[in-house]
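**Q** Note that the protein sequences, when read in sequence, are chains W and U.
For the first sequence, my numbering gives the first residue as 1, with consecutive numbering after it.
For the second sequence, my numbering gives the first residue as 1, with consecutive numbering after it.
Don't take every hint at face value.
Stated by the list, open to error - A few chain W positions that, by computed beta-carbon distances, are all more than 10 Å from chain U:
(1) Ile14
(2) Ser140
(3) Val254
Said to hold, decoys possible - Derived list of chain W stretches under chain U, where covered just means 3 residues or more per stretch with a C-beta under 8 Å from a C-beta of chain U:
(4) 41-52
(5) 155-168
(6) 228-242
(7) 290-296
Unchecked claim - To spell it out: a stretch of chain U is covered by chain W in this simulated footprint if at least three of its residues, at any positions, have a beta carbon under 8 Å from a beta carbon of chain W; those stretches are:
(8) 57-70
(9) 158-168
(10) 288-302
Hints listed in this document are in silico derivations from the structure and should not be mistaken for laboratory results.
Cβ coordinates follow ideal geometry from the N, Cα and C atoms, glycine included.
In case you want the letters, here they are:
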Amino acid sequence: MKFSLQRNPLAATIGVLLLLYGFASSYYDGFFSLRIIANLFTDSSFLGVSALGMTVVILSRGIDLSVGSVMGFTTVFVAHLVMVEGLPTPVAWGLALIVGTLFGAFMGWLIVAYDLPAFLVTLAGLFFAKGMGYVVSDVSIGIRDSFYDAILDFSIQIGPGAYLGAGALSFIVFFFVVLYLLKWSRFGRYVYAVGGGEDSARLMGLPVNGVKIGVYAFNGFCSAFAGILMTLYMSSGNPLFGVGLELEVIAAVVVGGTLLSGGVGGATGTLLGVLTLALIQGIMNYDGRFLPAVRPISVGALLLVFILIQRFLVRGKEES
Amino acid sequence: MSTVSKRNWRENPLIWPTAGLALVVAFNLFFGAEFFSISIQDGHLYGNLVDILSQGARVMLLSLGMTLVIATGGVDLSVGAVMAIAGALVAALVERAGLGFFVAFPAAMAVSMLLGVFNGSLVVFARIQPIIATLILMVAGRGVAQLITTSDVIIFEDPVLEFMGQGYLLGIPFSLWLVAAIFVGMVLLIRKTAIGLLIEAVGDNENASRFSGINASQLKLIVYGVCGLLAGLAGVLEAASLSAADPIKSGELRELDAIFAVVIGGTALTGGRFLLLGSILGAILLQALTVTLYNVGVPAAVAPVPKAIVIVAVCLLQAPRFRTQISKIVGLRRGK
Numbered sequence: 001m002k003f004s005l006q007r008n009p010l011a012a013t014i015g016v017l018l019l020l021y022g023f024a025s026s027y028y029d030g031f032f033s034l035r036i037i038a039n040l041f042t043d044s045s046f047l048g049v050s051a052l053g054m055t056v057v058i059l060s061r062g063i064d065l066s067v068g069s070v071m072g073f074t075t076v077f078v079a080h081l082v083m084v085e086g087l088p089t090p091v092a093w094g095l096a097l098i099v100g101t102l103f104g105a106f107m108g109w110l111i112v113a114y115d116l117p118a119f120l121v122t123l124a125g126l127f128f129a130k131g132m133g134y135v136v137s138d139v140s141i142g143i144r145d146s147f148y149d150a151i152l153d154f155s156i157q158i159g160p161g162a163y164l165g166a167g168a169l170s171f172i173v174f175f176f177v178v179l180y181l182l183k184w185s186r187f188g189r190y191v192y193a194v195g196g197g198e199d200s201a202r203l204m205g206l207p208v209n210g211v212k213i214g215v216y217a218f219n220g221f222c223s224a225f226a227g228i229l230m231t232l233y234m235s236s237g238n239p240l241f242g243v244g245l246e247l248e249v250i251a252a253v254v255v256g257g258t259l260l261s262g263g264v265g266g267a268t269g270t271l272l273g274v275l276t277l278a279l280i281q282g283i284m285n286y287d288g289r290f291l292p293a294v295r296p297i298s299v300g301a302l303l304l305v306f307i308l309i310q311r312f313l314v315r316g317k318e319e320s
Numbered sequence: 001m002s003t004v005s006k007r008n009w010r011e012n013p014l015i016w017p018t019a020g021l022a023l024v025v026a027f028n029l030f031f032g033a034e035f036f037s038i039s040i041q042d043g044h045l046y047g048n049l050v051d052i053l054s055q056g057a058r059v060m061l062l063s064l065g066m067t068l069v070i071a072t073g074g075v076d077l078s079v080g081a082v083m084a085i086a087g088a089l090v091a092a093l094v095e096r097a098g099l100g101f102f103v104a105f106p107a108a109m110a111v112s113m114l115l116g117v118f119n120g121s122l123v124v125f126a127r128i129q130p131i132i133a134t135l136i137l138m139v140a141g142r143g144v145a146q147l148i149t150t151s152d153v154i155i156f157e158d159p160v161l162e163f164m165g166q167g168y169l170l171g172i173p174f175s176l177w178l179v180a181a182i183f184v185g186m187v188l189l190i191r192k193t194a195i196g197l198l199i200e201a202v203g204d205n206e207n208a209s210r211f212s213g214i215n216a217s218q219l220k221l222i223v224y225g226v227c228g229l230l231a232g233l234a235g236v237l238e239a240a241s242l243s244a245a246d247p248i249k250s251g252e253l254r255e256l257d258a259i260f261a262v263v264i265g266g267t268a269l270t271g272g273r274f275l276l277l278g279s280i281l282g283a284i285l286l287q288a289l290t291v292t293l294y295n296v297g298v299p300a301a302v303a304p305v306p307k308a309i310v311i312v313a314v315c316l317l318q319a320p321r322f323r324t325q326i327s328k329i330v331g332l333r334r335g336k
């Protein structure tokens, strides 16, 4: 039974993805090309990295609502360090990653040490990071820097007119890192164990508290990393970036078949979920006739359908 | 609970929002005298204190509905989006469809309540966790509001709406009368009927309440419906106060304010016992904090930072484990 449960949500995601892509390819000329697929990875690089981190959190039966704000904070933090303080770009990136990781770890510590609800603590985190972004700068900071130019110039050609830039490549590398972490590392096994049942994990002698703090710290790192990718994508830092993105990140994870009740799911599903959301955006960009309002509605509808599928599958498992 | 003993005051959940308010007031006594300025112009009350109450009216409405939802062990993240939808709908019906207030307003209220019932049915029938069930409407709702206004801000003119959002009755803003009436009505309903007891029973232990014959599903649908309705009313008030409906800005992050008002007010997120008065005090505290920060010169965009710190502090003060740690430290100092 466990086999089909793990497999069916993925099958549904693949089905939706192929259906959407097949429809778009037959409807729009030139949609069926490597260039469009490469663009999907480029346009969803920060969403993807953040969703991979969120996958780990949700697998441990947690939730992190602060990711969008942390991303926004990171963009303006990095832009400020590079453009105003004049720090070398790698140093600014390193500092941003450290700040993000520590922030996640602190939230995780609050959740674990005082038994506070994760969504409440991370909601406060959302407020905090959003406000701190404005403390750093309340206006957009454009980034003009030779290091950035060098990275933006770098790309790998995978087909005629199809290039994978630094953002898309980092997303792909990140995917393999999280895949490895979840599938083959001890940390990954602990995450699944904690998400499957915290009490039994504790009874087995697993360091549950450490794992949970680690999960939020890792997600903080991912949010900061996603924020850095965002500065590459936008060539600027702005506290407004990332507002509301936490919802899309969660949607991508859920559409990718990771159960919100924890313990079931993985990185591959999330990759597919991210590509599905990116494809919706891609179709809207390509067509140009859709109102921007169609995007949140279609994401919401997709979320609803996939949650209902999950419910149905889990209930099937409980009853059998 | 029978008698109030000397030790009991610390257990009274209303102590935290009251203490918080006292702190804010004390701070203002020293640093901002204009906080207390109150004046009467053209028979209307003006001043910071009045502003706090009238600006806080929307969060108060949201927090009343949210209190009931949280008392059943749920949460509603979609209230901000429902605000946007209701405001957009009223504006579109009045300004674009040319309908009168007395058609537009009931229509917006009905839609808001249905949206709440939709949330409730996801929780009750599909048994989705409330955070996630209401997340769907939180995401999609903004889009729906944008569709209604076709992505614009609708500016409208309607005498009744203007009175609702900007008018005064007996020198006091009308929105405050509205909140007061709803609050008194809800308290009466809860005190004089068994509804309050039933809600607490469901939030305490849903299975046990079912076994004792309570229709928990129906009750939850009603509670989510009421939450949607009150969110819609708050949305209409917000649009009315500006004579404009903004599908993106309206109700932005308001769901967080509402949840925090409830938590600060002493209602546990785990469900069960709830306090409507506490939530009202919590909403006033949040607004007073915002106005104080503004007076001190903290930019509005930065205000979330101290807000988040206050919220975490209040949550910690209510957490049993933190309290034991503190009492240990205090005990050590006393040489015990």
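**Q** Taking the hints in turn, state whether each one holds.
**A** Right, here's what the structure says about each hint:
no.: 1; hint: Ile14; result: 22 Å, holds
no.: 2; hint: Ser140; result: 13 Å, holds
no.: 3; hint: Val254; result: 8 Å, violated
no.: 4; hint: 41-52; result: violated (count 0)
no.: 5; hint: 155-168; result: violated (count 0)
no.: 6; hint: 228-242; result: violated (count 1)
no.: 7; hint: 290-296; result: holds (count 6)
no.: 8; hint: 57-70; result: violated (count 0)
no.: 9; hint: 158-168; result: violated (count 0)
no.: 10; hint: 288-302; result: holds (count 3)
Going down the numbered hints, you'll see the structure goes against 3, 4, 5, 6, 8, 9, while the others check out.
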